[in-house]
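Sequence lines, in order, name chains A and B. Quick note: the first sequence, position 3, residue 720 per the numbering used here, numbers continuous. Quick note: the second sequence, position 99, residue 198 per the numbering used here, numbers continuous.
Simulated from the structure, these hints should not be mistaken for laboratory data. Mixed in with the good hints, there may be bad ones.
To be verified - To be clear about the criterion: a stretch of chain A counts as covered by chain B if any three or more of its residues have a C-beta under 8 Å from a C-beta of chain B, and this derived list gives those stretches:
{"id": "1", "segment": "733-740"}
{"id": "2", "segment": "758-765"}
{"id": "3", "segment": "768-778"}
Heads up, the beta-carbon is just placed ideally off N, CA and C, and yes, glycines get one too.
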Amino acid sequence: MVRVATPVPWCDGRDGMYGWIWRHLPGNVWVRALISLVLVLAMVYVLFQYVFPWAEPLLPFNDVTVDNQ
Amino acid sequence: MSVRVVVRTVSELCITVGTLIVLFVVYVLFWTGVKADNAMDHQIDELQKQWSKGAVAQGTQAPSGDRATASPKPPGPYTYGKPFAVMYIPRLGFTWNKPLLEGTATDVLKKGLGHYRGTAQLGQTGNFAVAGHRRTYGDPFKDFPELRRGDAVVLTDGTTWFTYRIDKGPYKTLPSDIEVIDPVPRKSGYTRPGRYLTLTTCDPEWGHSHRLIVWAHLDSTQPVEAGKPQALRR
């Protein structure tokens with residue numbers, strides 16, 4: 718499918734969130750792919766470092782004591 | 100809004116949430132273990148360092164120590180969140196050894212087993228109570244149900260080896276049953292004060308509706324200079 722790069726506003730509903738990000742990344746396909754990869758890794762880092770450590774204690778695996786100190 | 104937009108949005112959301120869930124499972128099953136293993140190794144290293152320093156200090160201190168107390172000096176108060184002993188349970192694996200920290204808060208249990216604050220100290224009269232993760236964070240007590248009467252639970256605080264022998268367990272109870280860590284635990288079968296040890300973990304494996312308990316009594320002690328206790332020899 719050939720997509721013509723037109724100055725379409727972001728809210729035209731032409732493609733979804735990922736398509737929107739992809740269109741707004743600079744450079745050619747390879748540069749975009751590289752930036753995407755970096756973004757994905759950054760996302761995983763933030764999740765593992767901050768979000769999951771916060772969410773994990775909300776699950777029951779931590780309750781191993783009898784008095785819930 | 101066209102159907103196309105709705106379908107696309109829902110699809111993208113599904114993919115995003117699915118990826119999040121997969122990543123979270125990887126985090127819980129795998130990454131917490133990696134982190135805990137690192138943290139536990141670090142705690143044990145810290146203890147070894149402390150003990151190698153302490154051994155020298157004790158050697159110089161011994162002659163000047165007061166003779167009034169015939170029994171070995173009781174250990175000082177444990178510092179919250181700091182390691183003070185290493186536990187070995189041969190039944191859980193010949194190489195199974197975990198650091199033991201003071202406190203049972205969530206962040207303490209990420210670094211090793213936790214000693215209930217306010218319960219007896221190692222080797223002292225009373226109930227030395229310890230909690231550990233069944234699953235996640237290195238799965239220290241994964242094989243808890245395998246423990247049987249007569250199994251050894253060996254601990255060292257750097258100067259002494261303490262060998263406890265399991266008397267009863269695994270005993271399943273409710274999380275609110277705090278009497279299991281009493282000095283003379285109810286339902287343990289013990290009738291008078293003694294040097295006891297209690298291990299607690301969660302049950303079922305991935306749940307939190309119940310707790311599994313094991314009780315043990317102090318069987319023997321020996322100074323570290325005497326080498327490893329019988330239970331740890333092969």
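Going through the numbered hints above, which ones does this structure break? Give me the numbers in ascending order. Of the numbered hints given earlier, the structure breaks none, since each of them holds.
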